[in-house]
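Residue numbers (full-length UniProt numbering), protein chains in the order written: chain A, 1 to 92; chain B, 1 to 878.
Rather than coming from a laboratory, the hints here were simulated on the basis of the structure. Mixed in with the good hints, there may be bad ones.
Partial selection, computed: residues in chain B whose CB lies under 10 Å from chain A [what the hints assert, rightly or not]: (1) 222; (2) 508; (3) 509; (4) 534; (5) 550; (6) 572; (7) 758.
On a predicted model such as this, the values are computed, not experimentally measured, just so you know. The beta-carbon is built from N, C-alpha and C at its ideal position, and this holds for glycine as well.
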Amino acid sequence: MGALPIIICTAIFGVVGIVLPFVAPKGPNRGIVQCVLILTGVTCWLFWLCCYMAQMNPLIGPKLHQNTILIMAREWGGPLIDDGWTPKEEEH
Amino acid sequence: MGSLFRSEEMTLCQLFLQSEAAYACVSELGELGLVQFRDLNPDVNAFQRKFVNEVRRCDEMERKLRYLEKEIKKDGIPMLDTGDSPEAPQPREMIDLEATFEKLENELREVNQNAEALKRNYLELTELKHILRKTQVFFDETAPDYQDMLVNRFSQLNPSFHSRPSKYDIRTLRVKFTKSQMADSHREEEQLNLLEDGPRGQQQQNLKLGFVAGVILRERLPAFERMLWRACRGNVFLRQAMIEAPLEDPSNGDNVYKSVFIIFFQGDQLKTRVKKICEGFRATLYPCPEAPADRREMAMGVMTRIEDLNTVLGQTQDHRHRVLVAAAKNLKNWFVKVRKIKAIYHTLNLFNLDVTQKCLIAECWVPVLDIETIQVALRRGTERSGSSVPPILNRMETFEDPPTYNRTNKFTHAFQALINAYGVASYREMNPAPYTIITFPFLFAVMFGDLGHGTIMALFGLWMVLKEKPLAAKKSDNEIWNIFFGGRYIIFLMGVFSMYTGFIYNDIFSKSLNIFGSGWHLSYNTSTVMENKALQLDPAYDAPRTYPIGMDPVWQVAPLNKIIFQNAYKMKISIIFGVIHMIFGVVVGLFNHRFFKNKRAIYCEFIPQMIFLIFLFFYMTLLMWIKWIRFSAQNPAPYSVHCAPSILITFINMVLFKTSPLINEECNEWMFWGQGVLQKFLVLSALACIPVMLLAKPLLIMQERKKALHQPILPYSTDGQDGENGGLNPQTQTAAAAAPAGGHGHEEQEEMSEIFIHQGIHTIEYVLGSVSHTASYLRLWALSLAHAQLAEVLWNMVLKMGLTMSGPMGGIGLWAIFGFWASLTVSILVLMEGLSAFLHTLRLHWVEFQSKFYAGQGYAFTPFAFEAILDGGGSTED
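Next comes chain B alone, as it looks inside the complex (with noise of 0.2 Å):
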């Protein structure tokens, strides 16, 4: 059985089960994670169904534990976490947990009510401690300058308080002062006049101040003071001074900064006012005796019970404290069991029920290879439950798709994500993961190819893979990280290979490494190379040789014409894998044809594809080895450098059929014996095959379908040759013979025009796409190319710069200008080029490889699991 190549044979599978075992099974199942339930009852909606209630009562043991949980991450109380995932308990001891929750709960939120209160009360009292010590200080210094303040006013004398400046808050003190002085002494008059309706006898008359103390939140001070100003017309005198240190706010936990405030004002209008705007600005105020030995008891008074508050309160929060620790303990467990529950009971909502009400009826798509496994499972369940009668799993026959399920192993699961997200499988479509494994770390080299860039992404998807359990047990949830992560193997590959096409390429960091001894060797005298500035070397005489095993080192180190000689290479070894890669596309739809038994697919499809593009691009690549081959600088005429000729140009030539001009007296018209002729032949063949491939498959099925006129008896005839049935198993084959109706009537609707024009659309698709999916490849070149050339800059623009340094400090220079080379190294040359590298490669895969096979028009098998119910619900809620 391919494990990957292939999607599973999945049937339908209908389950009848007891209903007292229902719930045990589909836990049993659950665990398993083999089975998708279908949803019987599409029409009923979400509240009719059987099991509401529970489901209802687990959303509020969820609630209840994230409530919970939230108040243990507040505390910061470490949370076990064992990894390991609990059975899902009995229906019974649900009611267990639900006690254990609220009884949880209600303690909480009780403990948390207390601690609140008493933290209201701690701030008042902390308050209050501060108001006292504060205006100690504003009555023994302030008090008599208010006093003094007004009865200058009053007798009109222009008042002298600088005199007299009090050591607090000098500067709103001035400030109010020189705005009284600046103003119009008799409009101030005035005003006096307005707010008193006294006469002006009683001014020398000594006054009797009224005060409030209160706190106010330090940044409304500022607007609380000038509204007192205005509203107040400047009769009130405020002392205000900060409370250092924070006070917490018991509603919601945050410091907050406050200032204590004191207001001296005179007569009960002023009182009132004052005390609305203290309203309105949500200052506390509080009561304040006037005696300094009052004051002094009071103060002492606060202070003691502060500290029977303080033992209260760590009391308190010790109690919540071991009622959070003991919570944590269980928290995670807890998480699990609900949700299984939960999982459980939204899973028997999709069942149905039967007319007896003794059995619940499900119907769910299984792989066949697991239905031992299922049934084994079932029983474990139904023993668990202490039912005595078995469930009984039926396999039913079925016309529609059954999902696609490819089974996939930590390794293969990123590269079947990658196909994935393309579009999933067909039904036991091939699968082109397999492939992929090799193929997608391989193109991404050829563009990335590089030694010590492939060195650094291997080592980090190594680093990755080893560390892989501790990495994963942290679940991060970075995005960027998880993508990264989920990648590792991927990662990994295409470091390696990389690593291989960069020791390939010669290439390190833009150097090259010389191993084997480079195969070019100087043959000049000494004059020659002294008199000239730069040298070509001759292939005919200085490359005895061959590098064995990559690019020779020589071209590194040949800037002027380095370029020239690998773009000729990279561009043909990029149309060379470019057409294997595609030449194995269509042979994998050969498999496909096959095992749908497609014969006319085969014939109308598969070969004249193969001849297509064999003929045409394939020989395109026989003439780069040819030309490798039988060209030689070392050559006499008809085989030398002058009659090496273009390989495009001939190709195109070969299509128009025009003869190539002889670029030379003594070269050959062609590369060898019979071109011309065997080159109209391969054109010919393969335009002849564009017909066959428009025109063959509808006419067939034309005919076919007027036989089927004749001899409508016979559905079966046409079985084996229908594309769309081939792939269902032989029950539904003969199912689909024993109910025409059923299996065909969706093919006989498909009309013969629509027939012929997605033939058409298919063939010119494919002609076309022959072309530019050739071209296409040479993406490889291009990113290879670019990637090499900016390697070459950032060594010589940077790099360079510092090893050029001399002198102690060079060595400081080399330094510094190393970590910048490092870094943009590492940050552009692999993370970015990586980046683009990577794209390209899905682009190849998905555009140029998969279209010559790949419908991907299948749906994914999504059985119920808890591991990924457990996984999922775990990632949404952090």
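For reference, chain A alone in the conformation it holds in the complex (with noise of 0.2 Å):
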């Protein structure tokens, strides 16, 4: 699991900054084709790289407010560990 996004995102960038640039269609244009392709590729993926690396070895974590915890347990899966935890009711 760890390995396949990096594969997948290398190899699309691949075929648009490395392959495609030698299919680019013959004619006068053959070099800016080219130019903007390997461009685009390069500076595609160096974006998703940076964002994928940034993340992933994580030193700080998300810090939640207390709704947003209960919502993302609901709707993003995940449960929170039932303790047994109930509303105190003599606060009210």
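Make one complex out of these two single chains by using the hints.
Given below as structure tokens:
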């Protein structure tokens, strides 16, 4: 699982930046098309890579509000571990 | 042949044209648009040139056409614009054209004159008609009033006019009469005495009244009335009535409102006075018979005449319309023809006449690749003119810098324009435009990254691209629209890239998409959650996997420390992309040095520059990657969270040769083994590059010159390494070798001290620039942060209000609030933020990127092309 996104993204942008330039249509604009494809591949891949790497080994975790956590637990799966907590009646 | 990477190779040519074939040949070249003629008679003024007469005739024709166009536009007749461009007509056809235009213009002028005269006539008759109609009432009712008034005054009776108010214009009457009532009766008497010398005995006599009737502009009426009152001391009686329908002023076709008036007075003296005043106020007076029967008869006569006139006017208008419709069909065509003829003669005026007067000599810059095409065109021109002598095209040698010609298409044109706005590339220099096609939208998108805003922008761009032809045919003269339309491909690409970066930032209208499932998961007990207001997930346990593409959506819902995390990420990518962009710029410079065979620049400039940039700044980006990879929350002590060093501090300490203090006992001093030694080596090497950049090139030049002094016969030896001369084509190089005075004169004159100073400036600029430019790329982070925050504020302050409303009113409220939010999104976030990001991107390209390799000291190739002339002529005129 861990390496899969890296392989897929690299492959996609590899196709854009390396393979497509070879099959660019012949003609007066071939050079420009190649240049455009290579640069697109490089910039987009690098941009994705930086974003991926910045999160690969996170040094801080997101600080979430109580509400957000509850909504996350319901919507994104991963329910909270039930430890028998009940709202305290006496506070009211 | 790299089409856009470098400007075309140009050559100066001499062109010999037979006098009779010159016109046709130049016409063909104009259709081709690949030749830039040079002015061979720069000191001859415009009035002394050979074809000044023809140019003047064309001017005259153009004036006539403009007159026709104006008239056609006035009548709102659609002009047929097929968009095709007819060939320039033969010179002899010019006479026919002239005759046609002359005839049309005269006809039109005559028709207009007639129409104007008729309209004037018609106006007079209409006015008269109104006078007759209105005065009827005046005569019926007010004449007795006035008689009474005068009689009463003279008999010094107190007037009692209010008893008989007239239907018309009670107000004016009242004003007057109250005025007169209020005036001291004695003074009034005196005034009357002054006015009339007649004895008081005549007072009772029945007075004979005179009157004049006329028409006056309505706005002049109050002043006119006051003037009459003052000048005639209240002894005239004015009645007026408005003509409701507007009348047409024949001289300029405006609608004017007028009033009919009639003035009663007594005596000749008053009559002349009143007439003078009428004249002064440009009132038109009309004869108006006193007897009702006469008036009726006259009115009848006027009516029939008006009817007749109407018929005639209609016929005149019809005729004018027919003439104009016929002209409108051909007008655009004629304009094109005349402009082409004019352009051809203008060009012919640049040519030199050969001594025998049989031949015109032209000098022109042409792209070397197109010489064949040009020769074919010239041959075609000769055939068309029926001349038997073929034109001669000779390549010439020159030491002048040729113009810069980049062949662009509709896609690359806008990008080239961005570059040219900074400066036209020097001849055959590397052109940054091809790289800009991607780097520009990309850097823009780093600042503008939002999937939603990007989509709006991309759709707008796409719409313009798809509707290109109909939109271009409209030829709008709205400047802002033209800028947008001209940059449609840029806008489209900027939008598409913004969609991509927005997707990576996981930002769509400041919200996130959770496509792949967040990499963070919750491992809390219910009680922990319920008893804490906010909780921070622990990266060591709660992040089992990484969100595969883009930013994890969990950050968007973590308002408490989202910014901290994203700032660290965005600052790093700004620097990473900035440094790579700059290195790329320096590498492009290498291609320049290689192309111009400037070996010295490679060793003395390119290599030290690269070392300086890579050893210091690229190393910093490497540190970022190392930090990303090595340090993790899961790792034990030396590479744990607490030991992660700040990259910036590390970099600063590296330059200052300091070791960073240990953060923690367990941590390592360095991020990897040997870092301390490596850093010292890197900094020292980078510093060592500075003197190389500063001194190597001037010293080498000095050495070379000394050598050249000893061997003055071999100018060729310096040729290969000469920055200025390397760009010329082989022929010119041989020419330079053959004539060293021309090629090297300029070079020798450059003082050694100047070379040193130049090099010093360049070095300081580069070294300091590397630091400041790297920092300058932080604007990528700053703008991106600002954009994301602004979008978030807009969502929270505006749209959230609508979304939290409940009940049926909530729906309506949301509808209104959504409209407000959407318009703010488009106007502020897409338009204004887009503009600001655009300008910052432009700066990053012009300053940070191009300063690494781009001289931009050329001048643009401006070929003689009908297309450009017609477009230009059209735009300046419309």
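Hints versus structure:
1. 222: Cβ of residue 222 of chain B sits 73 Å from chain A, so the hint is violated.
2. 508: violated (16 Å)
3. 509: This hint is violated: residue 509 of chain B lies away from chain A, its Cβ roughly 19 Å from the closest one there, beyond 10 Å.
4. 534: holds (5 Å)
5. 550: holds (6 Å)
6. 572: OK, holds: residue 572 of chain B within 10 Å of chain A, min 7 Å.
7. 758: violated (32 Å)
The structure does not agree with the numbered hints 1, 2, 3, 7 stated previously, though it agrees with the rest.
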